[in-house]
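Q: Hey, can you work out the whole structure from these sequences and the hints?
Residue numbers for the sequence shown follow the working numbering, so the first one is 14 and each next one is one higher.
Because the hints were derived from the structure by calculation, they are not lab data. These numbers come from a predicted model, not from an experiment. For glycine and all other residues, C-beta sits at the position ideal for the given N, C-alpha and C. Check before you lean on any hint, since a few could be wrong.
Claimed, not checked - Okay, derived cross-link-like pairs now, DSS-like style, lysine-lysine, Cα gap no bigger than 27 Å in a straight line:
{"no.": "1", "residue 1": "K99", "residue 2": "K74"}
{"no.": "2", "residue 1": "K277", "residue 2": "K301"}
{"no.": "3", "residue 1": "K259", "residue 2": "K270"}
{"no.": "4", "residue 1": "K273", "residue 2": "K259"}
Said to hold, decoys possible - Across the chosen pairs, the derived CB separations fall in these ranges:
{"no.": "5", "residue 1": "T149", "residue 2": "A290", "range": "48 to 56 Å"}
{"no.": "6", "residue 1": "G174", "residue 2": "K152", "range": "47 to 55 Å"}
{"no.": "7", "residue 1": "Q91", "residue 2": "K273", "range": "46 to 54 Å"}
{"no.": "8", "residue 1": "L87", "residue 2": "R156", "range": "42 to 50 Å"}
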Amino acid sequence: MRRFNVNLGISQMNRMEPEEIQAMLVEAAMTSIDRQDCTPLKRYMEPTFGRSMLAEWVRAKFDLDVRLQQLRDLNPDQTREMILEKVHERYLRREIECPVDIALTVSLGQKEQTDQAYGVARLVDWANWKYRAGWTLEKLQNREVREIRSDLIRLSESYLGDGRLSNEVDEAVRMRRGEELAAWARERFGAELDGQALEGAAARESLLKAGREFLRRELTNLEQMVLLSIYDSAWKEHLLAMDHLKSTIGLRGYAEKDPKIEYKREGTQMFHRMLDATRQQVSDVILKVQVSGQMQARSVWGEQRAQHDASGSAFTDADREAAMQNQGEAQVVKPIKRATPKVKPNEPCPCGSGKKYKKCCGRNG
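A: Structure, rendered in structure tokens:
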């Protein structure tokens with residue numbers, strides 16, 4: 014009654030009927046509700062509230078811009094299909110752009126101009142290996158990075174979106190068989206395939222799969238790094254929770270339950286909750302995570318090296334050495350020399366006390 018500002022003493026309540034007390038409380042409750050500002054609740058009563066919340070969830074979850082107008086006339090099944098289609102399109106776009114961004118970060122860092130000869134040469138080798146770009150060092154010299162990125166994005170789109178990968182694989186299947194096809198896949202995609210299995214339609218599917226993995230390798234490495242980080246953190250938290258459970262499981266005996274059985278049951282439940290939380294966290298970040306710097310990009314880049322013959326290499330070792338020399342020769346660091354000779358432990362202390370060095374000034378050394 015105090016909640017609704019109804020002041021009734023015990024003597025008053027004793028003289029009243031239960032129906033009178035109920036009516037007084039209902040009237041006081043209605044008066045209290047009328048005094049409240051319910052304007053913030055208005056949005057929950059709007060017919061479009063559910064769809065607007067879904068659009069906000071999609072934006073926060075997948076970083077997708079879904080308009081309320083796009084959801085207005087769709088039923089739940091159509092809405093689900095539309096969102097899944099947009100997620101697939103976004104992921105394909107990520108497969109196209111992410112390898113390019115990582116390669117640019119590793120080669121050129123955060124610079125806007127291509128004034129690093131060695132970095133530009135590394136990017137030229139990568140583009141020629143990945144996309145058969147046919148670039149030379151002179152073509153990229155002193156160009157803006159955003160222009161180079163646009164060119165690389167177009168090349169990546171041609172392979173993953175416009176069928177250039179399929180055309181290249183079809184030509185290889187038409188011209189080669191067996192071990193020759195496996196050797197081509199090794200040189201082109203860095204893939205180890207069984208030559209005996211590369212026959213007929215299976216050969217084309219195997220090569221397309223290897224080619225797609227090759228084109229998105231940087232993104233795969235980034236996703237693996239994210240997954241390992243999430244699983245590592247989740248597993249450590251799960252082990253800590255299991256330790257807490259182990260220390261308290263004996264209390265289940267007071268409820269006449271077998272602690273061993275309860276430990277297995279609750280531990281299994283905690284493990285499945287950990288997996289569910291991990292999947293949720295992965296889906297939260299997998300479409301939004303980006304490399305934040307050159308060192309992180311290098312860890313994602315891995316040990317990828319362009320494999321070209323001597324005539325096809327855009328930048329020779331001699332050119333690289335000359336480029337490095339043009340950016341300044343490193344100074345040779347001279348070894349540090351002691352100003353005074355080193356005192357051995359059993360020699361007299363230099364302070365003149367007459368004691369051995371290890372018993373005097375060298376005691377704390």
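Q: Give a verdict on every hint.
A: Status of the hints after comparison with the structure:
1. K99 with K74: It holds: about 13 Å lies between the C-alpha atoms, which stays within 27 Å.
2. K277 with K301: Violated. K277 to K301 sits at ~37 Å, over the 27 Å cutoff.
3. K259 with K270: holds (15 Å)
4. K273 with K259: At roughly 10 Å apart (the allowed maximum being 27 Å), K259 and K273 satisfy the hint.
5. T149 with A290: 48 to 56 Å: holds (50 Å)
6. G174 with K152: 47 to 55 Å: Roughly 24 Å apart at Cβ, these two residues miss the hinted range, so it is violated.
7. Q91 with K273: 46 to 54 Å: With a Cβ separation near 50 Å, Q91 and K273 satisfy 46 to 54 Å, so the hint holds.
8. L87 with R156: 42 to 50 Å: holds (45 Å)
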